[in-house]
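Chains A and B, in that order, are what the protein sequence lines are. Following my numbering, the numbering of the first sequence begins with 1 at its first residue and continues without gaps. Following my numbering, the numbering of the second sequence begins with 1001 at its first residue and continues without gaps.
No wet-lab data here; the hints were simulated from the structure. A couple of the hints might just be wrong.
Heads up, incomplete: computed chain A residues facing chain B, CB under 8 Å, no partners named [unchecked claim]:
hint	residue
1	LEU235
2	ARG237
3	MET249
4	SER256
5	GLU295
These numbers come from a predicted model, not from an experiment. We treat Cβ as the ideally placed atom computed from N, Cα and C, and that holds for glycine.
Protein chains: 2
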Amino acid sequence: MEGITGILVDLFVLFAAAKVAGELFTRLRQPPIVGEVLAGVLIGPHALGLIGLPDSALIELFGGDEKAAEEALTVVLDVIAELGVIILLFFVGLETRLSELLEVGGRAAMVAVLGIIFPFILGFAFIWLTDPIGTEDLEIEAAFVATAMVATSIGITARVLGDIGAIRTREARIILGAAVVDDILALLMLSVVVGLGGDDFDALELGLTALAAVAFVAFAALVGTRVIRQYSIHLERLKIRNAPFLVAMIVMLGLSALAGIIGLAAIIGAFLAGMMLAEAKERFNLEQQALPIYEFLVPFFFVIIGTKVDPGAFTDPTVLAIALAVTGLAVLGKLIGGGLASAGMPFRSAAIIGTGMVPRGEVGLVVASIGAGIGIITDDMFSVVVFMSIATTILAPSVLVWLYRGYRFTAEDVAERPEEPPLPDL
Amino acid sequence: MEGITGILVDLFVLFAAAKVAGELFTRLRQPPIVGEVLAGVLIGPHALGLIGLPDSALIELFGGDEKAAEEALTVVLDVIAELGVIILLFFVGLETRLSELLEVGGRAAMVAVLGIIFPFILGFAFIWLTDPIGTEDLEIEAAFVATAMVATSIGITARVLGDIGAIRTREARIILGAAVVDDILALLMLSVVVGLGGDDFDALELGLTALAAVAFVAFAALVGTRVIRQYSIHLERLKIRNAPFLVAMIVMLGLSALAGIIGLAAIIGAFLAGMMLAEAKERFNLEQQALPIYEFLVPFFFVIIGTKVDPGAFTDPTVLAIALAVTGLAVLGKLIGGGLASAGMPFRSAAIIGTGMVPRGEVGLVVASIGAGIGIITDDMFSVVVFMSIATTILAPSVLVWLYRGYRFTAEDVAERPEEPPLPDL
């Protein structure tokens, strides 16, 4: 275990900075993840430089090759961040029961679909028509940015709705249902775009990736959930302590790795593992056990994402202008999509639904990190997408709180849900 | 997050193999950690080669430099293993209250001290006199092997005593008290030996390392525990969810990094963090929350240690002979030390105490991994120490069970302890 003291110091600084910033932002009534990402930007190699630079012991491990040592450090931090985002999506999956998904009414599905189509079209058209940064693969970069603009962060929306006691309102239920559908569709789109970006454009490959994504999702959702529902009781026969939880972790790691192998994003596997195990979560107390791992590892994802942002990029007026434009279009797309899908409902309800779908939060960040990882989007465009994710996440909660002011809660709205899901601290 | 799918696959294979082997060994009534280490040996690069070899995507990250990619993969796995062993020692620390430590009677202290002196002398003398492998720094290698022979695995002993319902017997209380003192002394010795091995021999540096170790331990144990006891109530004022647990994780990472910076083993910092936070563990439910992280990360340490063992080394009759000799001396040292310290007690009690101190378990493995990491001990000697740790761990439980057969339990022995610590599954 030679030469890794410096990495331990990095991990300490990352975690401590994330949590101090999270505390600060919570006190400012902002989502803690925003603080975590901004803390990463601050301590990252582009700003204070506390993180991401290998120390002499690590460089020595690579025979003095500083570049290799830096790359190795990046790989280490990426793996830790990846474990964090895998746990995050696993947890979101745990909250998503297939049965509840199938119960979601047409309204929620419509909100999801229109709320995907509009931001995607607006985002794609903007990048494609203006070509603001001048990349080689314009279509693919445009598709990637547009995909990052698509997915709602179910965690943030649910957290805000819970905080203001509106989680049982009709609007909230539509938002939550739509966010789940939206997540799955966005993950599918992400798979397709990742498949597109992996090599040069290849229609066959695109088709295969999409097919693999659909087959994987369908198999896990239909067969996987059934297997867990019917056979998970037998996990009690295993002799190692806490076997069901350990098996859940094995399934999570296994489906994540499998998703990666067949060319999908690993997080899709993690999400599906969570959705499968949602069928057994009460029996084995899975959520309560996954929560400490969530709280220990997930912050690493957000703060490490932050370290990859170059705040200097925004001193370039072009980049700043693109960031503001993309953010505006991301908001507009969800308001139009949500509003149209809410036709026939009161204006306040339509506005609540549209606004509730606005925060991109971790999903936008995940898409950005994948895009940057496989080299589809430029560093500047990465910073733009991170900006959009953070800005929409900061904006939406306050507007939502404001829209609910004077809302007449019915008795049913206020009634305690029989089983309130423990919402992670996003 | 490019190029890390292969690493995800590795992490899945490591975790799944560890848990399958753990289940198998539990069914064979053997300690699960033995299964985890052996699983690592089996899947490691020296045997099946499922783990530890970089895939093409990772090699591409390093511009085709296969050696750098392999080194990077080693660093990633070492960091994951290090996080695992940090959590492990943090948890052991959580179980160790300073107050209980100070209450430990003279008998336990004597068992600990004699149980350290004899294995150390026997181990050091054997290596030093025979020089079986022919290394450059014979004294330091001998001191390292001897140090690995010193520390009892409190987890394994406690687990066995708990399993057979003997945890309240006088012998058990002496063993547990002695094991705690033994752990701390062994960690101090480890610091000194690590300091010795870091550079060429330097009496001043040795003195400084020892001084730093004592000062760090004393400060954390005396000032740290007092600070936690008096001020931890204020953690409730923090706004982020589950703040006390997150602060505990920050303290754990911080003291681990600090220990590394001042030249001690990182795990000493983790242990001290746990011991400090033991003062607040009931109030904030720290053990219950640390447990899932423990169960997720600790297996990685044991299975990754296993991957570093070359089973082929034991086909060399010399290495096998050394392994058997070191194991025999490790057993003998504890039997003599424990037996002498138990003077005046019945023979069966002395035998129980001596045998209870025999398993080296994770502590021997930790010392071995540190020694191999900083290049103090050769690969062959690393395999010898791992063999000794595993063999003593397999041997002791059955002998202990046999010695307790026919033991006359008093009413006090059988009485439920007011507060039974949840023992991790070692």
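Which hints from the list above does the structure break, by number from lowest to highest?
Of the numbered hints given earlier, those the structure breaks are 1 and 2, listed in rising order.
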